[in-house]
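Student: Construct all of the structure, not just a fragment, from the sequences and the given hints.
Residues per chain are reported as follows:
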Amino acid sequence: MGTFTAKPAFKSSDEPAIARRVTSRRVGRLRWVLLLLAGLLCAAFLVSLFVGSVSIPPQQVMTALFGGETTRASWATIVQDYRLPKALTALLAGAGLAVAGLLMQTLFRNPLADTYVLGIGSGASLGVALVVLTAGVGTTTLMGALGLAGDAAIIVAATLGAGAALAVVLLVARRVQSAPTLLIIGLMFGYMTSAVVSILAHFTIPNRLQAYTNWTQGTFGDVTWSQMGLFAAAILFGLGMSFISGKPLNALLMGEDFARTLGVNVRRARWVILIAAAILAGTATAFCGPIAFLGIAVPQICRALLRISDHRWLLPASALCGAALALAADVIAQAPGSQTILPLNAVMALFGAPIVIWVILQRSNLRSGI
Amino acid sequence: MKHVLSLVVLFILSSAALIMPVSAQDEPIACVQNYDPAADYFADEVTVDYAVGFDVEYFNNYKVVHVTTPWQGAETPFTYVLVRCGTPVPDGYDDATVIEVPVQTAVSMSTTYIPHFVELGLLDSLVGVDEFDFIYSPEVRERIDAGEIVEIGGDATVNVEQTLDLDPDVIFTYGLGTPDYDAHPVLLNAGLNVVLNGDYMETTPLGRAEWVKFTSLFFNAEAAANALFEDIATTYSDLSELAASVEERPSVMVNGMYGDTWYVAGGNSFMAALIADAGGDYLWAEDESTGGLPLSFEAVLDRALAAEVWLNPNFWLSLDDGLAEDERYAEFAPFQKGQVFNNVAQVTPTGGNNFGEAGVLHPEELLADLITIFHPDLLPDHALIYYVQLQ
Chain A
25 MGTFTAKPAF
35 KSSDEPAIAR
45 RVTSRRVGRL
55 RWVLLLLAGL
65 LCAAFLVSLF
75 VGSVSIPPQQ
85 VMTALFGGET
95 TRASWATIVQ
105 DYRLPKALTA
115 LLAGAGLAVA
125 GLLMQTLFRN
135 PLADTYVLGI
145 GSGASLGVAL
155 VVLTAGVGTT
165 TLMGALGLAG
175 DAAIIVAATL
185 GAGAALAVVL
195 LVARRVQSAP
205 TLLIIGLMFG
215 YMTSAVVSIL
225 AHFTIPNRLQ
235 AYTNWTQGTF
245 GDVTWSQMGL
255 FAAAILFGLG
265 MSFISGKPLN
275 ALLMGEDFAR
285 TLGVNVRRAR
295 WVILIAAAIL
305 AGTATAFCGP
315 IAFLGIAVPQ
325 ICRALLRISD
335 HRWLLPASAL
345 CGAALALAAD
355 VIAQAPGSQT
365 ILPLNAVMAL
375 FGAPIVIWVI
385 LQRSNLRSGI
Chain B
2 MKHVLSLVVL
12 FILSSAALIM
22 PVSAQDEPIA
32 CVQNYDPAAD
42 YFADEVTVDY
52 AVGFDVEYFN
62 NYKVVHVTTP
72 WQGAETPFTY
82 VLVRCGTPVP
92 DGYDDATVIE
102 VPVQTAVSMS
112 TTYIPHFVEL
122 GLLDSLVGVD
132 EFDFIYSPEV
142 RERIDAGEIV
152 EIGGDATVNV
162 EQTLDLDPDV
172 IFTYGLGTPD
182 YDAHPVLLNA
192 GLNVVLNGDY
202 METTPLGRAE
212 WVKFTSLFFN
222 AEAAANALFE
232 DIATTYSDLS
242 ELAASVEERP
252 SVMVNGMYGD
262 TWYVAGGNSF
272 MAALIADAGG
282 DYLWAEDEST
292 GGLPLSFEAV
302 LDRALAAEVW
312 LNPNFWLSLD
322 DGLAEDERYA
332 EFAPFQKGQV
342 FNNVAQVTPT
352 GGNNFGEAGV
362 LHPEELLADL
372 ITIFHPDLLP
382 DHALIYYVQL
392 Q
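Chains as they are written, first to last, in our numbering: chain A, 25 to 394; chain B, 2 to 392.
The set of hints was computed from the structure by calculation and includes no laboratory data. Glycine included, every Cβ here is placed at the ideal spot set by N, Cα and C. Among the clues, some could well be false.
[Stated by the list, open to error] Residues from chain B that keep clear of chain A, each with C-beta distances beyond 12 Å, as calculated:
#	residue
1	Thr158
2	Leu165
3	Ser246
4	Glu289
5	Ser297
6	Gln347
7	Leu385
[As the list claims (entries may be wrong)] Residues from chain B that face chain A, not an exhaustive set, calculated with beta carbons under 10 Å:
#	residue
8	Glu76
9	Val84
10	Gly292
11	Leu296
12	Phe298
13	Glu299
14	Val301
15	Asp303
16	Glu309
17	Arg329
18	Glu332
19	Phe336
20	Gly339
[Said to hold, decoys possible] Not close to chain B: a few residues of chain A, all C-beta gaps over 10 Å, as computed:
#	residue
21	Val57
22	Leu207
23	Trp249
24	Leu263
Tutor: Dropping the structure here:
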């Protein structure tokens with residue numbers, strides 16, 4: 025402990041786990057956990073294809089998936105154009121948000137950091153609000169003509185908004201050492217951006233406002249096949265950037281000075297991580313709206329499952345677990361058997377909030393640290 | 002000199018004589034000067050035949066109006082005692098709002114009351130509205146441009162100071178029963194005469210239109226309201242009789258996605274009644290709710306994929322607007338066959354739509370539009386008023 029100049033926010037027993045060579049028995053266990061998560065992900069993916077508010081016989085779902093003729097024409101449409109893209113979107117957005125949350129937690133060395141809590145999601149919202157409410161994306165004829173350009177404009181706006189918010193929070197983080205204080209500042213930043221958004225909303229015409237409020241509800245169901253390519257490419261790019269940052273992330277976890285002694289280019293590593301987090305959070309938020317709690321809860325679950333802080337394991341685990349949880353939450357939100365839909369973020373909060381409370385109660389330094 | 006003076010006096014007297022009768026004519030409905038308890042001060046009365054949300058009882062010098070359900074689940078009715086100006090306020094109405102009629106100035110907090118002012122000849126008394134942007138009526142817009150109408154803002158953020166400064170005799174508004182949103186608690190607290198209108202709770206087109214009689218009560222304009230509504234009701238009945246004879250009823254789907262939810266009109270709603278009266282087969286007709294029915298995209302797709310007509314899809318002005326919103330809308334048969342109709346024929350760039358204004362007072366025009374859409378042969382001469390076929 026004494027060798028580190030910066031105050032680590034993580035449980036001290038985690039640190040030797042990184043320094044220590046991971047034994048082969050541990051590796052076996054870690055592999056099993058990853059396999060389990062992958063299995064859960066596959067199961068959740070299948071359930072989300074087979075279960076929805078319209079009940080379709082399983083063999084008909086299979087027929088639809090392989091492009092055959094279903095007994096009811098609507099079933100093929102439901103499976104091919106609605107459930108399948110929705111499941112893929114949940115998978116990608118869930119993985120992206122969970123990994124972005126992990127990056128944030130390490131970057132700020134704060135177990136309760138995530139894109140939502142630190143106001144990064146609000147930054148993305150502000151970006152989208154500026155585009156939708158002032159230029160008018162979605163329901164106006166102008167943007168209808170622009171088509172994909174409109175979607176791209178939303179992604180760029182959300183990513184820039186997320187990046188700007190992240191940069192501001194990082195600047196503040198250099199001055200503020202205390203983790204809870206940083207969270208409060210993030211919260212204030214969120215309030216400020218939502219204030220600007222509501223003022224913008226006040227001066228906008230109803231159909232643009234509807235396009236924006238639609239977006240703020242949070243859903244995996246809005247990404248259509250023609251948008252999927254762009255969405256998937258951006259998320260996969262962000263995930264790729266994150267996965268090559270495993271080693272620098274491990275080093276940063278121990279403090280910047282320690283990272284420098286390991287030969288890590290801290291400046292560059294921070295930038296790569298920052299851009300990856302902004303792309304992941306920005307893209308997911310742009311296409312799905314603000315999704316709460318995934319980013320904060322999933323890395324915690326993975327740390328508890330893996331009992332390790334090594335990012336080379338945590339990154340894939342978070343991606344798998346985030347994707348599985350997003351799919352599960354979406355299945356619940358579809359309220360199978362009923363004709364209506366529950367708000368996705370309400371389901372997320374029911375999952376996520378207890379996990380956050382559990383984390384605070386588990387970690388003695390947070391329980392007393394505020 | 003004397004001569005000049007007498008000329009001046011004569012001039013003043015004559016001009017006064019000219020002015021006096023004119024100003025008296027300006028107020029033909031001035032307050033009663035010598036109250037006679039035996040006299041009936043209301044020449045014309047309305048009866049409520051279709052609307053279920055209000056009733057009125059006439060007495061010699063006052064009328065008692067009840068608004069029974071201004072919002073879903075409202076527990077106590079609102080009572081308004083409209084007393085002929087210059088006559089005594091009756092006893093026994095301590096809980097009621099007492100308003101002297103005819104009122105001279107009024108504020109309208111919903112576009113659905115705007116046509117009442119226009120068509121009852123009360124434009125001069127309209128001194129305020131909630132938001133200029135949503136007003137369609139050219140007559141009212143003219144007065145807005147001339148600076149004769151004040152904008153006081155809507156819902157709970159209504160500008161109370163400005164309203165107090167305007168000091169209207171009455172404010173017509175609506176309530177949703179949610180104090181965080183409603184304007185009337187704020188306005189009532191400020192001591193203003195607030196009248197709750199429950200027209201949006203009516204589930205029949207004629208019931209909703211009949212609220213024009215409600216507005217007329219405050220201006221003693223019952224004669225005009227009766228004549229106007231009689232025409233509307235007669236035309237509506239004739240048209241629905243015409244459509245009742247049709248053999249084939251096209252299946253009809255409505256609205257579009259709002260977030261994750263597709264709200265369709267309930268089976269007992271205004272829109273469902275209009276579709277049925279126009280000879281359409283509404284796909285959710287068996288449903289029993291009067292408001293919106295929240296459905297998933299899947300559920301709508303399952304029932305409406307092969308629908309024949311699609312009405313009121315969000316704010317689309319063209320099919321491309323629909324595709325920009327979600328390309329999966331193109332799966333629906335009406336979209337592919339170009340049978341998508343939206344109520345956007347008369348809109349302003351700022352969000353005003355006459356469908357929610359004159360269309361509410363004139364369900365017979367809406368009905369004629371829908372009959373023309375469902376059965377083009379029945380009304381060959383009718384050109385769509387509120388609806389357009391999206392291209």
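Student: Give a verdict on every hint.
Tutor: A quick look at each hint next to the structure:
Here threonine 158 (chain B) does not stay apart from chain A, with its beta-carbon only about 9 Å from theirs, under the 12 Å limit. Chain A leaves leucine 165 (chain B) outside its interface by the beta-carbon criterion, the shortest separation being 22 Å against a cut-off of 12 Å. For serine 246 (chain B), the non-interface assignment is confirmed: its Cβ lies about 32 Å from the closest Cβ of chain A, beyond the 12 Å cut-off. No Cβ of chain A approaches the Cβ of glutamate 289 (chain B) within 12 Å, the least distance being about 14 Å, so the stated non-interface status holds.
The beta carbon of serine 297 (chain B) sits about 4 Å from the closest Cβ of chain A, which is not more than 12 Å, so the claim that it is off the interface is violated. Remark: the non-interface label on glutamine 347 (chain B) is consistent with the geometry, its nearest Cβ contact in chain A lying 16 Å away (cut-off 12 Å). Listed as a non-interface residue, leucine 385 (chain B) keeps its Cβ farther than 12 Å from every Cβ of chain A; the least gap is roughly 20 Å. The beta carbon of glutamate 76 (chain B) is not positioned within 10 Å of any beta carbon in chain A (closest approach about 27 Å), and the interface hint is therefore violated.
With its C-beta approaching chain A no nearer than about 39 Å, valine 84 (chain B) sits outside the 10 Å limit, and its interface hint is violated. With a least beta-carbon distance of about 13 Å to chain A, the hint placing glycine 292 (chain B) at the interface is violated under the 10 Å criterion. The closest approach between the C-beta of leucine 296 (chain B) and any C-beta of chain A is roughly 5 Å, which is under the 10 Å cut-off, so the hint is satisfied. Proximity of phenylalanine 298 (chain B) to chain A holds as hinted, the smallest CB-CB distance being about 6 Å (cut-off 10 Å).
Given the 10 Å rule on beta carbons, the hint for glutamate 299 (chain B) holds: about 5 Å separates it from the nearest Cβ of chain A. For valine 301 (chain B), the interface hint holds, the least distance from its beta-carbon to any beta-carbon of chain A being 9 Å, beneath 10 Å. Checking aspartate 303 (chain B) against chain A: minimum C-beta separation of about 4 Å stays under 10 Å; hint holds. A least Cβ separation of about 15 Å between glutamate 309 (chain B) and chain A goes past the 10 Å threshold, and the interface hint is therefore violated.
Proximity of arginine 329 (chain B) to chain A holds as hinted, the smallest CB-CB distance being about 5 Å (cut-off 10 Å). Interface restraint check for glutamate 332 (chain B): the shortest CB-CB distance to chain A comes to about 5 Å, inside 10 Å, so the restraint holds. For phenylalanine 336 (chain B), the interface hint is violated, the least distance from its beta-carbon to any beta-carbon of chain A being 12 Å, above 10 Å. Interface hint status for glycine 339 (chain B): violated, as the beta-carbon distance to the closest one in chain A is roughly 17 Å, over 10 Å.
Listed as a non-interface residue, valine 57 (chain A) keeps its Cβ farther than 10 Å from every Cβ of chain B; the least gap is roughly 33 Å. Separation of leucine 207 (chain A) from chain B is adequate, the least Cβ-Cβ distance of about 28 Å exceeding the 10 Å criterion. Consistency note on tryptophan 249 (chain A): stated as away from chain B, yet its beta-carbon is not over 10 Å from all of that chain's, at 8 Å minimum. Distance check for leucine 263 (chain A) against chain B: the nearest CB is about 26 Å away, which clears 10 Å, and the non-interface claim stands.
Checked against the numbered hints listed earlier, the structure breaks hints 1, 5, 8, 9, 10, 16, 19, 20 and 23; every other hint is satisfied.
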